[in-house]
Structure formats: C-alpha cells, structure tokens
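There are 2 protein chains.
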Amino acid sequence: MAISAKLKASLSRTSWIRKMFEEGARLKKIHGAENVFDFSIGNPFLEPPETFHQTIKDLLDSKTPGQHAYMPNVGYADVRQSVAAYISKEQGIDLSADDIIMTCGAAGALNVIFKAILDPGSQVICPSPYFVEYGFYVSNHGGELKPVPSTPDFFPDIDAIEKEINSSTRAILINSPNNPTGQVYTKSHIDTLSELLRKKSAQFGEPIYLISDEPYRKIAFDNINIPGILSSYENSIVCTSYSKDLSIPGERIGHLAVHPNAQDRPELMQALAMANRILGFVNATALMQKTIGRMQGEHIDAGIYQKKRDLICNGLQLAGYTFTIPKGAFYLFPQTPIPDDVAFVSALQEANILAVPGSGFGAPGHFRLSFCVSDETIVRAMPGFERVMRPYQS
Amino acid sequence: MAISAKLKASLSRTSWIRKMFEEGARLKKIHGAENVFDFSIGNPFLEPPETFHQTIKDLLDSKTPGQHAYMPNVGYADVRQSVAAYISKEQGIDLSADDIIMTCGAAGALNVIFKAILDPGSQVICPSPYFVEYGFYVSNHGGELKPVPSTPDFFPDIDAIEKEINSSTRAILINSPNNPTGQVYTKSHIDTLSELLRKKSAQFGEPIYLISDEPYRKIAFDNINIPGILSSYENSIVCTSYSKDLSIPGERIGHLAVHPNAQDRPELMQALAMANRILGFVNATALMQKTIGRMQGEHIDAGIYQKKRDLICNGLQLAGYTFTIPKGAFYLFPQTPIPDDVAFVSALQEANILAVPGSGFGAPGHFRLSFCVSDETIVRAMPGFERVMRPYQS
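Chains Z and U are the protein sequences, given in the same order.
Position 18, counted from 1, in the first sequence is what the working numbering calls 18; the numbers after and before it change by one each time, with no gaps.
Position 104, counted from 1, in the second sequence is what the working numbering calls 104; the numbers after and before it change by one each time, with no gaps.
The following block holds chain Z by itself, in its conformation from the complex (with noise of 0.2 angstroms):
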C-alpha cells in the first residue's frame, strides 16, 4: 500500500464540509456561482482591518536585522510579552511572556498541546457536537476524543462529563463561543466543570487539563461577556488564533497560554516548546508574530456578524425552523425537520443551498449554516428555505 493504513482509514472519513466544498463547485458549474448559496464554509467574509498592511510595511520598513531569522521556538520574547499583557487584562490573572507559546494557529496550538500531554491510550472528553478536526488532532498523538452529548441548548452536560471521566482523562477540550452551535459557556459552567476537574485529577493523582479553543472569541454578540478559564482553574490552557479576530485564517498565527501555577509548569512548557519544533512548526512565522504583536486588542466589528445573525435568524424563523439563537462566532445550528439530517441537507441542495449535516458534528438531526457570507446570500436563499421546510410545517 502506498499510504498509511491508519491515515487511509481517516481518508475514508473525509469530511462533510469538504464534501460539500466538491458539490458546492458542481453546482456552481451548472448554475452560476451567484445563484448557488453556499453556507457551508467557516472563511471569514470581512477583509483584515486598514491598521495590518501598514503593520506589515512598517515592519519590513524597520529593516531589522535578522527579522526573517529564526528566533527561540516559542516565539519573539516582546511578541508573548504584548500577548500576556492582553490575555491578564482579559482573562484576569497575570500572565508574563514565560506562560504564551506562539503556534500556527489554533489548529497547530492543539496538536502541540495534545503532543505534548497524550500517550497512546490517552482519552480527551470533548463536548459535542463539535469540531470535527479535533478527533484528528486528538489521534495524531496516539489518543481518543469522548465526545459527550450537551444539553438541547448546547450547553455541556456536566454530570455526563463526569461519568466519562476514568484514569486516562487527560483533558477536557471545550469551544465556546462554539462551533457549530454559536453557544457561549457561562462562568458558572466553567466554575463547575473547574471543580469537577480538581476532585478528578485528585482522585486519580494526576492534572486533568482544561482546554480551552478559543477562536471566536473576539465574534461575540449583545455585548454578551464570555468568561475565561485561566481565573477558574490553574490545570488550564487558552488557545486562539487571529484568523477571525484580524480576517486572516490564511496567515496561520495564533497561540496559546498556560496558567502559571499549572501543575510541574516548566516541565510543561518545556514539552509544548519541544512539540512546537518536533511537529515541524518549528516557530510561528516571524513577520505575523511581530505584526500581532503591534495589533494586540484590535479586530474586526463582530457587529457585521451580528447584524447577519439576525438576518439569518429572523428569516429562518419566519420558514419555521427551530433552533438556539448563536450568541458568538458565525454558525447557526438548526434542527432537521427529520432525524436524517443527511436527507435534509440534499433537499437543501436542491434549492442550491450548500449547508453541512450536524452528523459531520456528531449531532445528527441538525445541519450547521455559516453566517459568514453577504447579506444577499442571505435575502436571496430564503424562498429556497422556506420551499424546503413547507413539508414540515404543520
């Protein structure tokens, strides 16, 4: 065989979204892009703010020497050092520049945290539904993700987490605001799941971590506040990206932080750094972490999104569909009229409509819209939701 037999068996699993990307492009072919209305892609709509070209520029205009050099794996000291100041001011605690590794991404982040801490046979409890790429990340390194049902509005289920947690729980990983469901945890569900991890990794001798994917957090609606789990929890790592914060998904940047009183912390940071090089990052690039670390704080206006949402939401109301009202990121997350989602997402291809089945989120009888198209997109592909639902209505 010319490939892996473990990553043929992933290939066979491809994922819904890319599924949709290949029938998206079919349709388009046949009927013109402008008439196919594709929420099937997370790609953020908006361009990055004016300030990130005259970063860049300014940055290349310094023409410091050795800007494109390597640096230490963990990234430029000033970099962590900008980053930790803004993560004390919004998570509440005091991080310096020895507690933020800069990574590629939140995609990279994860695979170094879960390199860094699995062993084969390690479990990671994820509440679902969920990214579907966590698996992957999860088995890159030799362990399992345990998804584990929410609550019907897609807040997590504590007392199921609890029951699913053995000796090989090596972190629970949440997403909030969430993909696909737009939910925001509240710091009461933190707080408990913070105290159900300290009783865990007590009674098994050993630190459960709490981790925390935070990309969207900067896409948050009604002024909601999403609260952080570096002041509830000292077992805990933040990770983000600026691919939705800045527009730029593209350019890979991101990092991570990890509580200072983390549990054997420099033995921790040591292994991150480690997998940070191992895995072939290497380091973040270097003219995105020196352009981040002058556009700390700054971000796109989440209240497009927001003006999207309702858009979105009041027409898909008005069709009849039932769903939780997303307080964050750029995802609806409606009931199927059916349990078979699958079914429900081709009838919605037949009004040209490109949606993912929630079974691509291990949450069938639901499908996941990304918000994060024009509003004519929008306007123009509600008859089309509406005709498909008409069945359905009572």
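Part of the chain U face toward chain Z, derived, beta carbon under 7 angstroms: (1) 53; (2) 60; (3) 116; (4) 248; (5) 249.
No lab work stands behind these hints: they were computed from the structure.
We put the beta carbon where it would ideally sit given N, CA and C, even for glycine.
Please arrange chain U on chain Z, whose structure you already have, making use of the hints.
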C-alpha cells in the same frame, strides 16, 4: 505526570545544538558576545534579497480580496504552478501544479510525508551522520529511524543500506547538500540507490519511497551540479524550504514535490493534503506562498558562503584539522583528534569556541561547525582552534 511519557523521554535527549545554545548564552554573559565564537547554530548569516520586501509590499498593495483567507490545503494553484515550472527545469522532469504541496518549511513537509506514509513499526532509513531532528519527525508518526553509517567521505554506503531494508522499510531519507557534512551526492549514488529501491519494492510488494530533503540546494560551491532524484526514481518525493535560498528561516515556507508517476499517486496526494490539514498546519501561510510564487529561482549569493568555507577550511587545515571539504550547505564536519568528541568540544569551549559534537548527528569522533558567521568570527577564532589542537599534533 503532567506531560506525555513519550515526550518526556524525548526531552531527556535534548539536542546538543540546544545545549550549545545555552552554553553560548552563558559564555557570552561572562566574556562579551564579541569574544565568543559561535559555530553551533545554522541560522543563515545573510539578509534576504532586496526583492523579498518589495514583493510582499506589491502583494499588499494589490489589495486582492481574500488574499489572507483560507485557500485549498495544498496551497494556491498559481503558486504551485510557478513552483512546478521551476522544479521541472531544475530536475529535468515535467511536473504540474498537482504534484506540488506548499508546506510550513521542510520540517513541516517531512512531518506531512511521514504522517501520510508511516504506520506504527514502519522503518525509515537514513545515511548517518544526519540531522538529528529526523528521528523525531519519524517517531512522531509511529515510525523508527534507522541510521546507516556512510562511507568515510560521507557518501551513502549502499551495500550497508541494502542490508537494513526489510518489509517494514517505507522510505530512505537523504539530504544533499548534507547537514552536517556539506557533502553532495553524485548522480551515480542516486541511480544506484534508485535501482536498489526498485528491486526491494518489487521484492516486498510495496513502494519504498526515496525522500530527498534539499533545503541547501541553492548553497552549492565550485559550480557543482546537484543531481535530483525525480529523474531517477518514480516513488520519490522532494521537499525543501526557502529558508536558506532566501535567508528567511523564520518565515516557515517550503514545498514538497511528488513524482507524477508515483504508485497510487492520487491516493498519495490526498493523504499528503489531509496530513497537512490535520497536523494543524492547515496550509502554508498565504502571504509567503504568494511571495515565493513570484520569486522562483531567486536566491542569495552562495559565493559569500563559498568564501567563508575557503576561509575556515584554509585556517583549520593549517591548524592540523582533518576534514572532507564541503561542496555545499554551510557546515564543516571535521574529525576530532581524540575519539571522545564531547570532550574535544568542551576543550574548544575553553577557547570560547562553540561547536556541536558529532554524537549529536550519530557520528562520534567528529564535530560540526556552522560557518554562517561573519568572516571576523572565523578569523578571530583561529588562534583558539590552533591552541586546542596543538597537544594532538605530532
């Protein structure tokens, strides 16, 4: 335990290069940076070509919508087309954009390749001395690296390699111009290796890949020709980075190129694309892809490194050191006058000279010098080199 047992074991094998880096920092504090002669690190000495910054600025000024957004995981089609056109000329074989995947440097490319082709227990053979990180790249994905000692002048020992090939062998990894020896393999070496792999692939009924890691291809001396592997063997993959070509190692941009007639090529390309995605690279950074897409064939002046090679080789020859003259890259790998290379490197440290023991490359009895330093560093270090060698001279 707070970290992975597997990674903890790796941490204890902390690289020699890292140890030297720390020793260097200590010595520089005591003696002043200008009095410590640091030959331990391969951080390119030069700044990028002038055109590098202008190319980035032109791209930013184009204000192309979505130029920082996600693109296909394998990279932009137009960039892959430029790379394919260039490599086709370089390697004397017709490649198309479909044969190229843009990667996060060569380290990223190697991890992607090993993720795509290795299973637990797979073996990868590599002539030694070798870049020690290769061992981690292979073991990240469940494989085991089997170093096979080279001939005394650092050419691959093909009979010895043949003896090590078994049914678990998935690839031979070569690196020419070589780190740490500066050796360049001849076309005859490549052809003989290719014949061997053809025979062994047929014997075991599975393709054994020839993988060539070529980040130093553009740093070649005395107009030497560096033969490619693609024109010799079908199941071959070339990977490289622009780190040394353009003196931009911090920017993490590279690519891999697969032979168009590789066995089960479509499946192999799918596996590589998926590995690139799920390892967390997602894609090579957008801006750097577009930049190098416009700079194919441009590179720094290798003549500058050739002068440094001559300077250090002449000095060390007079001082009584024995070595094979490097034909490329920016490393010299002399013999130590005593078998204990770690002891000899410690003696050099007494003269404020930082080098890396050959043990760090699987070749005790040698030490590595990186001559990507200023001419002044080479000249001012010579009295120290002479003094340390004197006791061993007849």
